[in-house]
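Chemist: Since the structure of chain A is already known, use the hints to place chain B on it.
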Amino acid sequence: MNRVIIITGTRKGIGRYLAEQYLAEGDKVYGCSRRNTDLEHPNYSHINLDVSDEAEVMSFVRNVYKENKHIDVLINNAGCAAMNHFLLTPYTTAQRVFNTNFMGTFLMCREVAKYMVKAKTGRIVNYSTVAVALNLHGELVYSASKAAVEQLTRVLADEIGESGITVNAVGPTPIDTDLIKNVPEDKLQDLLSHQCIKRFGKFEDVKNVIDFFLRPESDFITAQTIYLGGVV
Amino acid sequence: MDKNRINEIVLGTLKDYCERNGITEELTMDTHLIGRTRIMDSMGLVNTIVDIETAFLDEDVEISLTSETAMSLRLSPFRTIGSLCDYIARQLGLEEE
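Taken in order, these protein sequences are the chains called A and B. Using the working numbering, read the first sequence as starting at 1 and increasing by one per residue. Using the working numbering, read the second sequence as starting at 1 and increasing by one per residue.
It is possible that part of the hints are untrue.
As the list claims (entries may be wrong) - Cross-link-like lysine-lysine pairs, in silico, DSSO-like; alpha carbons within 30 Å at most: (1) Lys66/A <-> Lys3/B; (2) Lys198/A <-> Lys187/A; (3) Lys15/B <-> Lys118/A; (4) Lys198/A <-> Lys118/A; (5) Lys187/A <-> Lys207/A; (6) Lys181/A <-> Lys3/B; (7) Lys181/A <-> Lys15/B; (8) Lys202/A <-> Lys66/A; (9) Lys3/B <-> Lys15/B; (10) Lys120/A <-> Lys66/A; (11) Lys198/A <-> Lys66/A; (12) Lys187/A <-> Lys202/A; (13) Lys3/B <-> Lys12/A; (14) Lys69/A <-> Lys118/A; (15) Lys12/A <-> Lys69/A; (16) Lys15/B <-> Lys66/A; (17) Lys69/A <-> Lys207/A; (18) Lys202/A <-> Lys181/A; (19) Lys198/A <-> Lys3/B; (20) Lys66/A <-> Lys181/A; (21) Lys207/A <-> Lys12/A.
No lab work stands behind these hints: they were computed from the structure.
Chain A with its partners taken away, still in its complex shape (with noise of 0.2 Å):
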């Protein structure tokens, strides 16, 4: 489609699933990671970075401005995970988390809508969590800085949805990647069951509320958070 797509977190998972999806729909896509990745494609570019320093997301957003002059989407998949008890949750814990997380997605945000506001138009895309629907124990930091990101989501989307920008957020049940690895069968299954189809995501479930909020017609639709699995 020719879309100029910018995706974070794109060397495995979900992230990965996307690049290689809107790639083969005919998108530029620029991913990064902290690690280097295999994928390689013609309209695919790759820079290793944190999201959650500054200078790197400065330099990489703005070598995708000089080299297209425009940004169509951002989807801010980059994530990380900490399961573990609040009384028992390290302070470096919460700080990696909410750096990768919220910080992440700010900085990110911020330097493209830039270039969005600029052009008057753009997508932006968020990860949330249905963790954070239903307040699950042992979630806490995590769950609130998908809380921050959700905050982020939809005050962002008032402020430049003048500019013809529109920012959404996904919120993903459990879906089988590294983020749940270490989480105990029996809190997965009582996850699922607060949902109201009670199965495991797909990559597929995803990648269709994202299209959702990137069709044209969509341009209406702003500032809301999307959980999957029929999380009330």
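Modeler: Structure of chain B alone, referenced to chain A:
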């Protein structure tokens, strides 16, 4: 890039913004960008800051106008057009702090 070019880019970008938005005040280095006598509202300032950053980037010059003192009447680099040009010159190492 020298100070004259900085002044040209900043003034040119601000003039474009004013023309597009029906702002008729004459622009000088003393024109206020924030405060009681500002020529544009806060969203206008945000938009022009983005335009100025991008205008420099189009000339392969990277600046960042994100500032912790943005709205301070005493310290803000956006007090006047002149103070903004000075701030950019300092970022590019053309003037001392």
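Chemist: It remains to establish, for every hint, whether it holds in the given structure.
Modeler: Evaluation of the provided hints:
For the hint pairing Lys66/A with Lys3/B, the CA-to-CA distance comes to about 23 Å; that is within 30 Å, so the pair holds. A distance of roughly 14 Å separates the Cα atoms of Lys198/A and Lys187/A; the hinted pair therefore holds under the 30 Å criterion. For a cut-off of 30 Å, the pair hint linking Lys15/B to Lys118/A stands: about 16 Å separates their Cα positions. Distance restraint check for Lys198/A and Lys118/A: the Cα-Cα separation of roughly 43 Å exceeds the 30 Å cut-off, and the hinted pair is therefore not satisfied.
Taking the CA atoms of Lys187/A and Lys207/A, the gap is near 25 Å; set against the 30 Å cutoff, the hint holds. Restraint check for Lys181/A and Lys3/B: not satisfied, since their Cα atoms lie roughly 56 Å apart, outside the 30 Å limit. With a CA separation close to 56 Å, the supplied pair Lys181/A and Lys15/B exceeds the 30 Å bound. Restraint check for Lys202/A and Lys66/A: the C-alpha separation of about 35 Å exceeds 30 Å, so the hint is violated.
For the suggested pair Lys3/B and Lys15/B, the alpha carbons sit about 18 Å apart, so the restraint of at most 30 Å is met. Distance hint between Lys120/A and Lys66/A is fulfilled; the C-alpha atoms sit about 17 Å from each other, no more than 30 Å. About 45 Å separates the Cα atoms of Lys198/A and Lys66/A, which puts this hinted pair outside 30 Å; it is violated. For the hint pairing Lys187/A with Lys202/A, the CA-to-CA distance comes to about 18 Å; that is within 30 Å, so the pair holds.
Taking the CA atoms of Lys3/B and Lys12/A, the gap is about 46 Å. The hint is violated against a cut of 30 Å. Restraint check for Lys69/A and Lys118/A: the C-alpha separation of about 10 Å stays at or below 30 Å, so the hint holds. Proposed proximity of Lys12/A and Lys69/A is supported: the alpha carbons are some 28 Å apart, at most 30 Å. With a C-alpha separation of about 24 Å, the suggested pairing of Lys15/B with Lys66/A holds against the 30 Å cut-off.
Proposed proximity of Lys69/A and Lys207/A is supported: the alpha carbons are some 26 Å apart, at most 30 Å. About 15 Å separates the Cα atoms of Lys202/A and Lys181/A, which keeps this hinted pair within 30 Å; it holds. The suggested pairing of Lys198/A with Lys3/B is violated, with an alpha-carbon distance near 64 Å, which exceeds 30 Å. For the hint linking Lys66/A to Lys181/A, the alpha-carbon distance of about 39 Å lies beyond 30 Å, and the restraint is violated.
Taken as a hint, the Lys207/A and Lys12/A pair is honoured in the structure, with Cα atoms around 15 Å apart against an allowance of 30 Å.
In summary, the numbered hints that this structure violates are 4, 6, 7, 8, 11, 13, 19, 20.
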